[in-house]
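S.K.: Input sequences plus hints: build the corresponding full structure.
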Amino acid sequence: MTKKKTVWFEVAEGESIGDCLARMEQEGYMAAGRKEEPIFEERNGEPVPVRQRIRFKGVLREE
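21 is the number that the numbering used here gives to position 12 of the sequence shown; each next residue is one higher, with no gaps.
Worth double-checking, as some hints may not be accurate.
[To be verified] Quick list of in silico lysine-lysine cross-link-like pairs, BS3-like style, CA-CA up to 25 Å:
no., residue 1, residue 2
1, Lys14, Lys44
2, Lys44, Lys13
3, Lys13, Lys66
4, Lys12, Lys44
5, Lys44, Lys66
6, Lys66, Lys14
7, Lys66, Lys12
If you're looking for bench data, these hints aren't it; they were derived computationally from the structure.
M.R.: Here it is as structure tokens:
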């Protein structure tokens, strides 16, 4: 089975950025971009930021 050339990897809850980058490398990808977006929760009718969602764009490494 061939791998996709580009895959988005999300930093899991409780996972460090370094752990996510190591997981990408293990799967044969290297980071080529980073995207962050806030996750909101509604409290008392107001949106409140809860955490940050971090994703890395992984590009298949040429071997």
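S.K.: Next step is simple, just say for each hint if it's right about the structure.
M.R.: For each hint, the structure was consulted:
1. Note on Lys14 and Lys44: the hinted pairing holds, with a Cα-Cα distance of about 18 Å set against a maximum of 25 Å.
2. Between the alpha carbons of Lys44 and Lys13 the distance comes to roughly 19 Å, so the proposed pair stays at or under 25 Å and holds.
3. Restraint check: the Cα-Cα separation between Lys13 and Lys66 comes to about 12 Å, which is no more than 25 Å; the hinted pair holds.
4. The suggested pairing of Lys12 with Lys44 holds, with an alpha-carbon distance near 22 Å, which does not exceed 25 Å.
5. A C-alpha spacing of about 8 Å is found between Lys44 and Lys66, which places the hinted pair at or below 25 Å, so the restraint holds.
6. The suggested pairing of Lys66 with Lys14 holds, with an alpha-carbon distance near 10 Å, which does not exceed 25 Å.
7. Proposed proximity of Lys66 and Lys12 is supported: the alpha carbons are some 14 Å apart, at most 25 Å.
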